[in-house]
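A.B. asks: Sequence:
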Amino acid sequence: LNIPDQTQAVPSPWMVKTYLRFELKAAHGVVTSPECNAIYDSKRTLAVCGCLEFVKVWSLRQGSCISTLFDGEGDDPRPAVMCLTRAPEGRPLVAAGYRDGSVRLWNLESGESEVCFHGHRSAVVSLAFNHDGSLLASGSMDTEVVVWDPLAQSGVCRLRGHKSQVTGLCFLEIHGDEKQSNSSEGKKQAQKSSPRIRGSYLVTCSKDSLVKVWDISQQFCAQTVLGHKGEVWTISYNEKTNRLVTGAQDGNLRLYRVELSGNVDKGEILTPIGMLNRQSKKRVENVTFFEDLIVCHGVGEKFAECFRSRTFKEIEKRRKRREKRKREKLKKTQKNSSEPNRSRGRQERQQNS
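Numbering (our numbering) for the sequence shown: 529 to 881.
Source of the hints: derived by calculation from the structure; they are not laboratory data.
Here the structure is a predicted model, which means the values were calculated and not measured.
Yeah, the Cβ is synthetic: ideal placement off N, Cα and C, and Gly gets one too.
Be aware that a few hints might be false.
[Said to hold, decoys possible] Derived lysine-lysine pairs resembling BS3-like cross-links, with alpha carbons at most 30 Å apart:
id : residue 1 : residue 2
1  : Lys841    : Lys830
2  : Lys845    : Lys830
3  : Lys863    : Lys848
4  : Lys768    : Lys757
5  : Lys857    : Lys845
6  : Lys809    : Lys757
7  : Lys810    : Lys757
[Unchecked claim] Between beta-carbon pairs, the in silico distance windows are:
id : residue 1 : residue 2 : range
8  : Arg849    : Pro800    : 53 to 61 Å
9  : Phe835    : Ala566    : 18 to 26 Å
10 : Arg846    : Gln681    : 51 to 59 Å
11 : Leu580    : Arg849    : 53 to 61 Å
12 : Val559    : Phe835    : 26 to 34 Å
13 : Gly828    : Ser592    : 39 to 47 Å
14 : Asp660    : Gly639    : 41 to 49 Å
15 : Ile843    : Gly758    : 50 to 58 Å
16 : Phe550    : Arg785    : 21 to 29 Å
17 : Thr752    : Cys834    : 14 to 22 Å
18 : Arg855    : Arg572    : 32 to 40 Å
19 : Ile843    : Asp660    : 45 to 53 Å
20 : Leu580    : Arg836    : 33 to 41 Å
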């Protein structure tokens, strides 16, 4: 046999014949791909996972796969699923982002694809619906964000400003009378825009360490937030408490206060509150709000950390306890400093007597 020397360059015909000898026929036992997240349906009875190029729906009660969502014909290779997100309560829709830059909406009840969007040049790695499911935002490795209208099955706008991969998205929305902008130009732009996007703001985070707030109705960046020293990988928003949290490469969490009334034109929508120090310094992979808790976990970690925000009464109680400890410590130091003086006075009186 003529086996080429490993130290020398291997001829290309020999490599072609060797690599074509075997090819991947099928993969068995795949529950979810490592690059894709897993989500639940609105009833918390189904788990939806990205398995290579398939979207698989698993029954949590039966522990088995009940359906596979795949839109392909023939043996042509299909792009892998990179991220998933579900529509708000009451709608059995799941949005899937693919490696080729496409976004597809799947109906969990019928198992069919309702619409497919093409607008990115690279893989889609983050998706987010607004509160009623009328808008869908997608972030890609091509540094761009595209806002889609699932009802009209068309794109709304394209947002450019990040210098690296867009890793997280979340919508902020003004309800009621607050939807009107304070400036005259803002009012004109809002009147021209669709009723579904009036008062809608989008927060994005990226590997360029920036957090940006976008005004979708006027299609511009309203605020850029600095603070993280490394890549920002995840973001979450709590509408009840108007709090937003981000997780970064350094393992820390940063908390922001969201104020949309009166501060939109000033560019002060996100106000930093503070930083949450985690026990682990690994990169934060995911962070989310669960009622009054902030739950997060890092890459490769087998545990999740939970942070709870204190009430005003708890803060006051803690402050009073701190002040009491300071007073007790001050009294103790004064007492310790006065004891040597007393002993010296006693020794002097004994010597004089």
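A.B. asks: Next, verify each hint and record whether it holds.
C.D. replies: Status of each hint after checking the structure:
| no. | hint | verdict |
| --- | --- | --- |
| 1 | Lys841 to Lys830 | violated (34 Å) |
| 2 | Lys845 to Lys830 | violated (34 Å) |
| 3 | Lys863 to Lys848 | holds (23 Å) |
| 4 | Lys768 to Lys757 | holds (29 Å) |
| 5 | Lys857 to Lys845 | holds (18 Å) |
| 6 | Lys809 to Lys757 | holds (13 Å) |
| 7 | Lys810 to Lys757 | holds (14 Å) |
| 8 | Arg849 to Pro800: 53 to 61 Å | violated (26 Å) |
| 9 | Phe835 to Ala566: 18 to 26 Å | holds (23 Å) |
| 10 | Arg846 to Gln681: 51 to 59 Å | holds (53 Å) |
| 11 | Leu580 to Arg849: 53 to 61 Å | holds (55 Å) |
| 12 | Val559 to Phe835: 26 to 34 Å | holds (29 Å) |
| 13 | Gly828 to Ser592: 39 to 47 Å | violated (28 Å) |
| 14 | Asp660 to Gly639: 41 to 49 Å | violated (24 Å) |
| 15 | Ile843 to Gly758: 50 to 58 Å | violated (30 Å) |
| 16 | Phe550 to Arg785: 21 to 29 Å | violated (57 Å) |
| 17 | Thr752 to Cys834: 14 to 22 Å | violated (30 Å) |
| 18 | Arg855 to Arg572: 32 to 40 Å | violated (50 Å) |
| 19 | Ile843 to Asp660: 45 to 53 Å | violated (35 Å) |
| 20 | Leu580 to Arg836: 33 to 41 Å | holds (38 Å) |
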